[in-house]
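Let chain X serve as the given structure and place chain H on it in line with the hints.
2 protein chains.
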Amino acid sequence: MSLVAVGTVAFDDIETPFGRAEKVVGGACTYISLAASYFVKPVQVVSVVGDDFPEAVLAFLQERGIDLSGLQIKLGEKSFFWAGRYHRDLNSRDTLDTQLNVLANFEPVLPESYKAPDVLMLGNLVPKIQSDVLAQLKQRPGLVVLDTMNFWMDHALDDLKAVLKSIDVLTINDEEARQLSGKHSLVVAAQSIHEMGPKYIVIKKGEHGALLFHHGQMFYAPALPLAEVIDPTGAGDSFAGGFTGYLAKTKDYSFDNLKRAVVYGAAMGSFCVEAFGIENLKQLTPSMIEARVQSFANLVHF
Amino acid sequence: MSLVAVGTVAFDDIETPFGRAEKVVGGACTYISLAASYFVKPVQVVSVVGDDFPEAVLAFLQERGIDLSGLQIKLGEKSFFWAGRYHRDLNSRDTLDTQLNVLANFEPVLPESYKAPDVLMLGNLVPKIQSDVLAQLKQRPGLVVLDTMNFWMDHALDDLKAVLKSIDVLTINDEEARQLSGKHSLVVAAQSIHEMGPKYIVIKKGEHGALLFHHGQMFYAPALPLAEVIDPTGAGDSFAGGFTGYLAKTKDYSFDNLKRAVVYGAAMGSFCVEAFGIENLKQLTPSMIEARVQSFANLVHF
Chain X
1011 MSLVAVGTVA
1021 FDDIETPFGR
1031 AEKVVGGACT
1041 YISLAASYFV
1051 KPVQVVSVVG
1061 DDFPEAVLAF
1071 LQERGIDLSG
1081 LQIKLGEKSF
1091 FWAGRYHRDL
1101 NSRDTLDTQL
1111 NVLANFEPVL
1121 PESYKAPDVL
1131 MLGNLVPKIQ
1141 SDVLAQLKQR
1151 PGLVVLDTMN
1161 FWMDHALDDL
1171 KAVLKSIDVL
1181 TINDEEARQL
1191 SGKHSLVVAA
1201 QSIHEMGPKY
1211 IVIKKGEHGA
1221 LLFHHGQMFY
1231 APALPLAEVI
1241 DPTGAGDSFA
1251 GGFTGYLAKT
1261 KDYSFDNLKR
1271 AVVYGAAMGS
1281 FCVEAFGIEN
1291 LKQLTPSMIE
1301 ARVQSFANLV
1311 HF
Chain H
1011 MSLVAVGTVA
1021 FDDIETPFGR
1031 AEKVVGGACT
1041 YISLAASYFV
1051 KPVQVVSVVG
1061 DDFPEAVLAF
1071 LQERGIDLSG
1081 LQIKLGEKSF
1091 FWAGRYHRDL
1101 NSRDTLDTQL
1111 NVLANFEPVL
1121 PESYKAPDVL
1131 MLGNLVPKIQ
1141 SDVLAQLKQR
1151 PGLVVLDTMN
1161 FWMDHALDDL
1171 KAVLKSIDVL
1181 TINDEEARQL
1191 SGKHSLVVAA
1201 QSIHEMGPKY
1211 IVIKKGEHGA
1221 LLFHHGQMFY
1231 APALPLAEVI
1241 DPTGAGDSFA
1251 GGFTGYLAKT
1261 KDYSFDNLKR
1271 AVVYGAAMGS
1281 FCVEAFGIEN
1291 LKQLTPSMIE
1301 ARVQSFANLV
1311 HF
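Protein chains in written order, with the numbering used here: chain X, 1011 to 1312; chain H, 1011 to 1312.
Chain X extracted, bound-state conformation:
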């Protein structure tokens, strides 16, 4: 079993109503690979950093069974940087700064050992890069999952639509699903997005949970109501990591198993938001994860 995860490895400045953290380790691929590492080994990272990225963090990721041979380290360059401020409700945020740095000219190169994964997770990035990674594979993975955002709908819609034709699962938030489909009802939006390619659609609704659609079938996982949310950064990527990690582990791509994967994803997202950055994803245990999945079952079972 193996998972290839593509996306940013970065620094973030994060401001929430409850605190502020500067230059914390972040990036979609960091959250995805850390969350997935609790389910599958190896998680094979495709990304790029500058030589300012802390070696201790890379060593920690490797200790967690994360393969960094597809991580490019650009000497004399700086890592991708993002700064954002969350609104009081923590469900929306403003981007204060984005410095592409190494990402500006990123060309992913897959090591030979990466070219036949069970599951491929294409984290939010330029759609053309997502396509490039797909094109480098030797064989089609059991499942290809793609995350994207409104920015690419505004600026690279044709490229996005092209890559959507080749994937199995699209993860997207509710407003983005509406933008991509032009439909307000998420049920109707999902029907319309199916026609663009993906046979599964996961619509993420932040603190309101996530919906899974599969040609007329529907599943809903709430977000776990928490006494304290410290920092929502990375929740969606931790979700993607738990989701794809569980699927790479079980290699069962049926609707019923994708439901369970959504719950494991939601569980990893709920751990993520309980601390700043990746802190809370560093030392989980299988029994902590199982207990949290059980609390999702308790929350909705009647």
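Think of the hints as simulated: they come from the structure by calculation, not from any bench. It is possible that part of the hints are untrue.
Identical copies go unnamed one by one, so any copy, or any two together, can satisfy a pair.
[Claimed, not checked] In silico lysine to aspartate or glutamate, EDC-like type, Cα no more than 16 angstroms apart, as pairs: (1) 1138 / 1164; (2) 1033 / 1128; (3) 1215 / 1099; (4) 1193 / 1099; (5) 1088 / 1205; (6) 1261 / 1164.
Coordinates of chain H only, in the frame set by chain X:
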């Protein structure tokens, strides 16, 4: 088994992005009693209308087993009127007009046959009137449920806090729960509201479902994702009607049975929003309701 339902019986002008309806029959008590009438008979209404209220509608309510002997009809006066316009997301609305009319001097008078109900549903009204109804009962009901809104927190907070001490279940929306408790996290807000009296708290989140809290226990029912939402007016009251109707029918006030009641409430809310006003609540059948409850189970079971 019996349910007493207190609240407005009214006319509404409703504007949504999808249409407009004038002077349709509405009011909290109308939705509550109609939704509850699928579970329990009699539903005993405590309310007031003017002589402009259509007799045919009153006759229809009576045919559905709704007891109107506690409904005052004021000759020469006009019924309560509300006009509102929904925003594009249908999750928020502006009030365009409110005419209290008969409600300005409403003094509820409970007929003798109303004074020992199994369940009492105090729909959203002046907190003092809610207290007055409680004071007229001969014996404490098995369960007292109260709905309220931010307006009473702004204008009659002491009266509201007084009546909260005497009830079992508070239904309230998420923003109102935050306002009442001064806490942002709904988990913490519920803890704080428990201390005000209610042992159960239902926090309604519109299209994002409803949470049930009971001293540290939590249950979540999503709203059913629908292909088409026509008019959200009355969804919360239909929820309250299904919730209290199911509880009056089963007379089991345990946490486990309140979970089921929340799902029946959510089912009735989902029927309500599929048409303007009360239209879709007029001719449901038990098998339609059971099928919808089953689709809630399918939606969340994993």
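Verification of the supplied hints:
no. : hint        : result
1   : 1138 / 1164 : within (14 angstroms within a copy, 53 angstroms between copies)
2   : 1033 / 1128 : neither (33 angstroms within a copy, 60 angstroms between copies)
3   : 1215 / 1099 : both (13 angstroms within a copy, 14 angstroms between copies)
4   : 1193 / 1099 : between (25 angstroms within a copy, 11 angstroms between copies)
5   : 1088 / 1205 : neither (40 angstroms within a copy, 53 angstroms between copies)
6   : 1261 / 1164 : neither (34 angstroms within a copy, 55 angstroms between copies)
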